[in-house]
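Asker: Read off the chains here:
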Amino acid sequence: MLVTAPDTQISAPAACGQRERLVVIGNGMAGCRAVEEILARDAARFAITIFGAEPRVNYNRIMLSPVLAGEKSFDEIVINTAQWYADNGIALVSGDPVVAVDRAAQTVLSASGRIEPYDRLLIATGSEPFIIPVPGKDLAGVVSFRDLDDVDRMLAAADQGGHAVVIGGGLLGLEAAHGLTLRGMQVTVLHLMPTLMERQLDEAAGWLLKSELERRGQTILTGADTAEILGRDGHVAGVKLKDGREIPADIVVMAVGIRPNTALARSAGLDVERGILVDDHMLTSDPAVMAVGECVQHRGICYGLVAPLWEMCRALADQATGQPTGYTGSVTSTKLKVSGIDLFSAGDFSGGDGAEDIVMRDAARGLYKRVVVKEGRLVGAVLYGDTADGSWYFDLLKKAEDISDIREALIFGQAFAQGGGALADPNAAVAALADDAEICGCNGVSKGTVVACITGGAHSLDAVRGQCKASASCGSCTGLVESLLKVTLGAEVEAGPKTLCKCTSFTHDDVRRLIPERGLKAIPQVMQELGWKTPDGCASCRPALNYYLLCAWPGEYLDDQQSRFVNERLHANIQKDGTYSVVPRMWGGVTTPAELRAIADAADKYNARLVKVTGGQRIDLFGIRKEDLPAIWGDLNAAGMVSGHAYGKSLRTVKTCVGSEWCRFGTQDSTGLGIKTEQMTWGSWMPHKFKIAVSGCPRNCAEATIKDFGVICVDSGYELHVGGNGGIHVRATDLLCKVATERQALDVCAAFIQLYREQAHYLERTAPWIERVGLDHVKAALFDTADAVAVLAARFRYSQQFMQDDPWAKRAAGAEAELHQHLAEFRPFPAIAYKEAAE
Amino acid sequence: MSPQPLSGEWIDIGPVGQISPGNARTLPVQGGEEIAIFHTLNNEFYALVNKCPHKHGPLSQGIVHGTVVTCPLHSWNISLKTGEAQGEDKGCVPTIPLKVDAGRLYLQRAALMAARAPERAA
Numbered sequence: 001m002l003v004t005a006p007d008t009q010i011s012a013p014a015a016c017g018q019r020e021r022l023v024v025i026g027n028g029m030a031g032c033r034a035v036e037e038i039l040a041r042d043a044a045r046f047a048i049t050i051f052g053a054e055p056r057v058n059y060n061r062i063m064l065s066p067v068l069a070g071e072k073s074f075d076e077i078v079i080n081t082a083q084w085y086a087d088n089g090i091a092l093v094s095g096d097p098v099v100a101v102d103r104a105a106q107t108v109l110s111a112s113g114r115i116e117p118y119d120r121l122l123i124a125t126g127s128e129p130f131i132i133p134v135p136g137k138d139l140a141g142v143v144s145f146r147d148l149d150d151v152d153r154m155l156a157a158a159d160q161g162g163h164a165v166v167i168g169g170g171l172l173g174l175e176a177a178h179g180l181t182l183r184g185m186q187v188t189v190l191h192l193m194p195t196l197m198e199r200q201l202d203e204a205a206g207w208l209l210k211s212e213l214e215r216r217g218q219t220i221l222t223g224a225d226t227a228e229i230l231g232r233d234g235h236v237a238g239v240k241l242k243d244g245r246e247i248p249a250d251i252v253v254m255a256v257g258i259r260p261n262t263a264l265a266r267s268a269g270l271d272v273e274r275g276i277l278v279d280d281h282m283l284t285s286d287p288a289v290m291a292v293g294e295c296v297q298h299r300g301i302c303y304g305l306v307a308p309l310w311e312m313c314r315a316l317a318d319q320a321t322g323q324p325t326g327y328t329g330s331v332t333s334t335k336l337k338v339s340g341i342d343l344f345s346a347g348d349f350s351g352g353d354g355a356e357d358i359v360m361r362d363a364a365r366g367l368y369k370r371v372v373v374k375e376g377r378l379v380g381a382v383l384y385g386d387t388a389d390g391s392w393y394f395d396l397l398k399k400a401e402d403i404s405d406i407r408e409a410l411i412f413g414q415a416f417a418q419g420g421g422a423l424a425d426p427n428a429a430v431a432a433l434a435d436d437a438e439i440c441g442c443n444g445v446s447k448g449t450v451v452a453c454i455t456g457g458a459h460s461l462d463a464v465r466g467q468c469k470a471s472a473s474c475g476s477c478t479g480l481v482e483s484l485l486k487v488t489l490g491a492e493v494e495a496g497p498k499t500l501c502k503c504t505s506f507t508h509d510d511v512r513r514l515i516p517e518r519g520l521k522a523i524p525q526v527m528q529e530l531g532w533k534t535p536d537g538c539a540s541c542r543p544a545l546n547y548y549l550l551c552a553w554p555g556e557y558l559d560d561q562q563s564r565f566v567n568e569r570l571h572a573n574i575q576k577d578g579t580y581s582v583v584p585r586m587w588g589g590v591t592t593p594a595e596l597r598a599i600a601d602a603a604d605k606y607n608a609r610l611v612k613v614t615g616g617q618r619i620d621l622f623g624i625r626k627e628d629l630p631a632i633w634g635d636l637n638a639a640g641m642v643s644g645h646a647y648g649k650s651l652r653t654v655k656t657c658v659g660s661e662w663c664r665f666g667t668q669d670s671t672g673l674g675i676k677t678e679q680m681t682w683g684s685w686m687p688h689k690f691k692i693a694v695s696g697c698p699r700n701c702a703e704a705t706i707k708d709f710g711v712i713c714v715d716s717g718y719e720l721h722v723g724g725n726g727g728i729h730v731r732a733t734d735l736l737c738k739v740a741t742e743r744q745a746l747d748v749c750a751a752f753i754q755l756y757r758e759q760a761h762y763l764e765r766t767a768p769w770i771e772r773v774g775l776d777h778v779k780a781a782l783f784d785t786a787d788a789v790a791v792l793a794a795r796f797r798y799s800q801q802f803m804q805d806d807p808w809a810k811r812a813a814g815a816e817a818e819l820h821q822h823l824a825e826f827r828p829f830p831a832i833a834y835k836e837a838a839e
Numbered sequence: 001m002s003p004q005p006l007s008g009e010w011i012d013i014g015p016v017g018q019i020s021p022g023n024a025r026t027l028p029v030q031g032g033e034e035i036a037i038f039h040t041l042n043n044e045f046y047a048l049v050n051k052c053p054h055k056h057g058p059l060s061q062g063i064v065h066g067t068v069v070t071c072p073l074h075s076w077n078i079s080l081k082t083g084e085a086q087g088e089d090k091g092c093v094p095t096i097p098l099k100v101d102a103g104r105l106y107l108q109r110a111a112l113m114a115a116r117a118p119e120r121a122a
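Line by line, the protein sequences give chains W and Z. Position 824 (the first sequence) corresponds to 824 in this note's numbering; numbering is contiguous. Position 39 (the second sequence) corresponds to 39 in this note's numbering; numbering is contiguous.
No lab work stands behind these hints: they were computed from the structure. Using N, Cα and C, we set each Cβ at its ideal position, and we do this for glycine too. You may find that some hints are simply not true.
As the list claims (entries may be wrong) - SDA-like cross-link-like pairs, simulated, lysine to any residue; straight-line CA separation at most 25 Å:
#, chain 1, residue 1, chain 2, residue 2
1, W, K576, Z, V29
2, W, K738, W, G672
3, Z, K55, W, R564
4, W, K576, Z, Q30
5, Z, K99, W, G354
6, Z, K99, W, G257
7, W, K374, Z, G87
8, W, K689, W, M803
9, W, K398, Z, C92
10, W, K738, W, G774
11, W, K810, Z, S20
12, W, K502, Z, E84
13, Z, K81, W, S404
14, Z, K55, Z, Q30
15, W, K374, Z, V29
16, W, K374, Z, K90
17, W, K374, Z, Q30
18, W, K240, W, K738
19, W, K240, Z, I19
20, W, K576, Z, G87
As the list claims (entries may be wrong) - If you want the footprint, here are the derived chain W segments under chain Z, 3+ residues with CB under 8 Å:
#, segment
21, 532-543
22, 641-647
23, 816-824
One chain only, chain W, in its complex shape (with noise of 0.2 Å):
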């Protein structure tokens, strides 16, 4: 929204030979900037005076932090000196904060009761920490982070030593947690987002600032909710948080946000939005009244950052010595204040049409760099771990400058870029390096190598890979070896083996041998040490990470609902038409009449359109809403009944005969044995669906031999059967062994299952996988060693006690509720027109 410059001029100058009086509310950087600003224009112009909440001259308000990390004195950051108010001849009133307005009259009221007439009034009451209402908020040891008196406090705080609490990740938060660590203190810091810093940084950014700091002995809560500040006393004790985790804390520093002081000024009665209305020229509703820096609304914005107040200052001091230029509002940057840590951001890095991201990752320098391209002109970027070039693409950013003659050699910074010549182009720049120039860090493998690799016959990235090892590690210098192959062969590189998406240059293989090899436990961890390409990788890459850790780190990875499809977050299957279909699960296919009931009551309950049996012998309900799913599981859970898992790359069903029970053939119980495979194997993730049925004779009623593993009983034992698939291409099973006992199948399913599940590519099923690695690959991984299904089948076992936990359950108890609500819904029509859904 913007705001509408008034048309008045600037009232008439006082009279003949008298100075006009200007009066400052607000003895901060902006109120004193303005002030410096006006000065430097005209110094004879106004007779100043300026009155100051805070008992103190003017300081550096953003050099709080290194105050309070024990980097700065606060002499070192007093900017305006008293010798500075004295030369200038301005009145300073510390100490004393103006409480009212009065506009007709042209005065002000200060707290002492002091009135002080104006000509020129500028408010720069700049802003106040947002302190979130929850209880507890006014316990004693409950302090924000806006001035020295809360330095002071946090200082005394960290004399006694012990637990600090940050609430918010921001900035602010961030920098006070730094200060309070260095002074001793064990730090925990909590942020509601899932993502530090959210505003400025980027997933990438995030995790890696994260992982930094947990290094320095921070504990970082990401997605925690306070819910209460627990009290002691009358002073802090703890945090509690909505998820019912406690922390001890002996003080807590509020840092989740600040807004604009227009406290004054809504008296005043000037116009207030979220700040003080301003036009271009810093002039206010009332046009004898300006307001500048954080107090203010500008054009929609309100800026909590110092980089806009000199600007706005500039204009206001324009304005008010007669030469107006105007704002036209700032692009601000970003830099985290603690030592140690690089990190820069500037601009819109949101991506979308027509942007298009570039990113650099050294895994081995922990460093990532993102800038964001549009229409030939540079519009954002981040930076983490080198920072050297923050200002100069924050300078190309804001001047909008065509960048389009040093896109190529842009993310490598200004040295390179404007290098000119052979060197803005990275092919030449790469052709111009010496033969025992180390291209791969990681093995040590110099560019005389690479090349002569290639020129033996390496056409390939792979090959190279193959060959040589270079970029086969953390694959930082991927972009060198390419540029090689191109130098060296030009148009005869050839594409190597499908890579995993078009995020990476590294296979699925490669992801899956590289994730334990190298330790990655979580999704922006293997970007980063990978050298992904995009910020937040696609809808290919995401699953199949996410899947890929959770099968590495079992009990340990997060699992990622963000990146898994809708049908394994909603735990149902989506339709056409936007409905779900919901399956609970019947233990190899065996129910009862209870059951039955209950299932015929939740299709009424919840209008199943449409009741069917599955291929699979179970039963699927249709065309269930999205709303209606936790209502419908919490009735089927209360009949007994868990999910099916018919949604998921994971078990589906274990379809049986009733086999030697009750057939005339059956030589086993197959009914048996399929409920107790079943029993072991559900829950679990894989690569892709996974089915499996066990028949009693070999007359095959269960279908077993088109399944991912089927059972065949025979007389002496079970016949165990892998890779069928009857979807597009019908693929009947290869008999992998055969068992004498039950036991024995159980375990032979769990150890080629953990096969299965640690080297298939996702969204491979086994009939492909099979034919991929081959049935012998198979075949040796299990039985050539003695005891090699005992280990895959114990891994197994491991896995699934952190799986077998009914999603739906938690969700009938209340868990993720808002993914099963709408926000809200809008009515336009009736008389009471909105309603809200449930907070």
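With chain W held as given, fit chain Z onto it using these hints.
Answerer: For chain Z alone, kept in the frame of chain W given last:
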């Protein structure tokens, strides 16, 4: 939260914290189309009619990456910024102007009421 007045250009649909990053939530409009409101991993918000231009799949249930959502039915990629199908696919879904102010989300009233489902691709 108390009910909001109906007047005004922008409709308050509640605090930003109701949608976690990487997720979307829905807003049915009586007499109009259901709207999907997205929160990207980059902490931006977008609103689109909750129907893929292909077969009307619920975009709100797709995987969000960058400023693109992948439709859960047939994996069309739809730009959250323009509603345009990406790559070889052709089609467009209406977007609703959205603004974030003081931690709350607002949708433009006129666009919200005028939004119509995209024509289904053949």
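Asker: Could you tell me which of the numbered hints above are not met by this structure, giving the numbers in increasing order?
Answerer: Checked against the structure, the hints that fail are numbers 9, 15, 17, 18, 22, while the rest are satisfied.
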